[in-house]
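Chain A is fixed; fit chain B onto it per the hints.
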Amino acid sequence: MKKFDYDVIVVGAGPAGSTAARYAAAGGAKVLMLEKDRDVGYPVRCGEAVSHEGVSQFITPDPKWIASTVTKFRLVAPNGNSVIPNLDGGGYVLERRIFDYELAKIAADAGAEVITKAYVYDLLRENDAVVGVKVLIKDQKTEIRAKVVIAADGVESRVGKWAGMDTTCHIKDMESCAQMTLSGIDVEEDVLDFYFGDSISPGGYLWVFPKGKSTANVGLGLSVDAAKKKSAIRFLHEFVERKYPKAAMLTHIAGGVPCAKTNPEIVKGNVILVGDAAHQVNPVSGGGIISGMIGGMIGGQVAAEAIQSGELKFLCEYEKRWHKRLGWRHDVFYNIKNAISRFDDSTLNNICDSALELPVEKRTLGAIFRAALWNQPSMIIDVAKVFVS
Amino acid sequence: MSQSHLMIHIVPGKCDYCGCCVGVCPEDAIELMESKIAIIEERCTNCRKCVWACPWEVIEFHREGVTELPKHTPQMLNEPVKFQ
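These protein sequence lines are chains A and B, in that order. Mapping of the first sequence onto this note's numbering: position 256 corresponds to residue 256, and the numbering continues sequentially without gaps. Counting from 1 along the second sequence, just add 389 to a position and that's the residue number in this note's numbering.
Honestly, I wouldn't trust all of these hints.
Unchecked claim - Quick list of in silico lysine to any residue cross-link-like pairs, SDA-like style, CA-CA up to 25 Å:
{"hint": "1", "chain 1": "A", "residue 1": "K228", "chain 2": "B", "residue 2": "E449"}
{"hint": "2", "chain 1": "A", "residue 1": "K117", "chain 2": "B", "residue 2": "D405"}
{"hint": "3", "chain 1": "A", "residue 1": "K228", "chain 2": "B", "residue 2": "R432"}
{"hint": "4", "chain 1": "A", "residue 1": "K172", "chain 2": "B", "residue 2": "C404"}
{"hint": "5", "chain 1": "B", "residue 1": "K425", "chain 2": "A", "residue 2": "T116"}
{"hint": "6", "chain 1": "A", "residue 1": "K230", "chain 2": "B", "residue 2": "T434"}
{"hint": "7", "chain 1": "A", "residue 1": "K161", "chain 2": "B", "residue 2": "C404"}
{"hint": "8", "chain 1": "A", "residue 1": "K213", "chain 2": "A", "residue 2": "V76"}
{"hint": "9", "chain 1": "A", "residue 1": "K141", "chain 2": "B", "residue 2": "E431"}
{"hint": "10", "chain 1": "B", "residue 1": "K403", "chain 2": "A", "residue 2": "R234"}
{"hint": "11", "chain 1": "B", "residue 1": "K425", "chain 2": "A", "residue 2": "L250"}
{"hint": "12", "chain 1": "B", "residue 1": "K403", "chain 2": "B", "residue 2": "E446"}
{"hint": "13", "chain 1": "A", "residue 1": "K261", "chain 2": "B", "residue 2": "R437"}
{"hint": "14", "chain 1": "A", "residue 1": "K228", "chain 2": "B", "residue 2": "C436"}
{"hint": "15", "chain 1": "A", "residue 1": "K161", "chain 2": "B", "residue 2": "D417"}
{"hint": "16", "chain 1": "B", "residue 1": "K425", "chain 2": "A", "residue 2": "V44"}
{"hint": "17", "chain 1": "A", "residue 1": "K138", "chain 2": "B", "residue 2": "E423"}
{"hint": "18", "chain 1": "A", "residue 1": "K105", "chain 2": "A", "residue 2": "Q308"}
{"hint": "19", "chain 1": "A", "residue 1": "K229", "chain 2": "B", "residue 2": "M396"}
{"hint": "20", "chain 1": "A", "residue 1": "K141", "chain 2": "B", "residue 2": "E430"}
{"hint": "21", "chain 1": "B", "residue 1": "K403", "chain 2": "A", "residue 2": "E238"}
{"hint": "22", "chain 1": "A", "residue 1": "K229", "chain 2": "B", "residue 2": "H451"}
Unchecked claim - Partial selection, computed: residues in chain B whose CB lies under 7 Å from chain A:
{"hint": "23", "residue": "D405"}
{"hint": "24", "residue": "V411"}
{"hint": "25", "residue": "W441"}
Note that these hints are calculated values from the structure, not bench results. By construction, the Cβ of each residue, glycine as well, lies at the ideal position given by its N, Cα and C atoms.
Chain A with its partners taken away, still in its complex shape (with noise of 0.2 Å):
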């Protein structure tokens, strides 16, 4: 049998893959990260919002890749009265090219070899098995053998469907995004803006998230459904100029956010799947990189493991430990995403009213969530589902 390159390959070197190098790498495993653009951290298609609490727990916050620290965040419903709910902890909108590139730095002082303009584009196969990927390597077609892939290639994995799991996300979960990041314009640096109603992002939300004192990454995300009437980019420009005329623009993104349930599959054989990839995604804030991290983490601990122990079965082990930590919350916010996502402008602006009536020492998110439900209590069925399924 021929001798393999590596332990691990993680195709992928966005927080959820450099992640998982790292804990591959960590836990003894020699590993390869392949990129397929010329640059870790570039382009970034990305809010950039994450909280204090969840981003320390990988990496000591950092001023050169913080571009705000954010303190409150406010609901804005459809007729402009707004609510700042009460919040433990902040967190920051990150300057995520630089961020990235930090974690992919901490995965390679940890052991890991990074390559980028590498373009995974199949699996290698020998009798059934994935023993490696095939890759374009600055336009060279090269084989590396591995005994575990680990795929963090994103919204548009592929690698996953090679591996025979069905990684597609049905159009109603997928959010189609656009945003641009807008300068000169008036924003309060410690706050997070979150807009709602259907003339804004049907099935979505509008936010605004600060990168210092004038500057702001302006974007939204409507459900796939809704956008084949009109288009992200329609409602972004709309927004725009009516909000900020004037503004200039410094970027101009689209993407995609799978605000799915995790997906069914996210081990098969020797293959595992880590963030946006394994719609790994929190289904109500469309916040994937936290969550993405965290899925990275336990597939480099979960393939470290495999190899030290020469039973690559145990890989099996990464599906349990995933949903034990963050795969059930997923399921309760992905039907609360559902029920949110039903209500009509006239329901979001009664839930926000009804949150203004209380004393503002009161108006916590779970008193929110309590006003949402008296104003839908259908919710309630929809949130005790998945206790019952």
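The following block gives chain B in isolation, referenced to the frame of chain A:
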């Protein structure tokens, strides 16, 4: 030679390579690299999910087929690029 049945067209030069279309494609019929994208004709069933998903309206559906449509951007631009 059989006529192409393809009705999905990616407008050349307008794609941002974000991958939203690949994520919803049930047939694994889209090849996406750093700055190249193509429909894999043999696999595409013209289901239009990519058309709906594309945040930029870069993917179009043409019932009459796409063989007549341009597949590449012109290499040289004699006119300056117009921004909106």
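Cross-check of the supplied hints:
no. : hint            : in the structure
1   : A:K228 - B:E449 : holds, 12 Å
2   : A:K117 - B:D405 : holds, 17 Å
3   : A:K228 - B:R432 : holds, 23 Å
4   : A:K172 - B:C404 : holds, 22 Å
5   : B:K425 - A:T116 : holds, 16 Å
6   : A:K230 - B:T434 : holds, 23 Å
7   : A:K161 - B:C404 : holds, 23 Å
8   : A:K213 - A:V76  : holds, 20 Å
9   : A:K141 - B:E431 : holds, 23 Å
10  : B:K403 - A:R234 : holds, 15 Å
11  : B:K425 - A:L250 : holds, 23 Å
12  : B:K403 - B:E446 : holds, 9 Å
13  : A:K261 - B:R437 : holds, 23 Å
14  : A:K228 - B:C436 : holds, 13 Å
15  : A:K161 - B:D417 : holds, 8 Å
16  : B:K425 - A:V44  : holds, 17 Å
17  : A:K138 - B:E423 : holds, 11 Å
18  : A:K105 - A:Q308 : holds, 24 Å
19  : A:K229 - B:M396 : holds, 19 Å
20  : A:K141 - B:E430 : holds, 22 Å
21  : B:K403 - A:E238 : holds, 20 Å
22  : A:K229 - B:H451 : holds, 17 Å
23  : D405            : holds, 5 Å
24  : V411            : holds, 4 Å
25  : W441            : holds, 5 Å
Violated hints: none; the structure is consistent with every hint.
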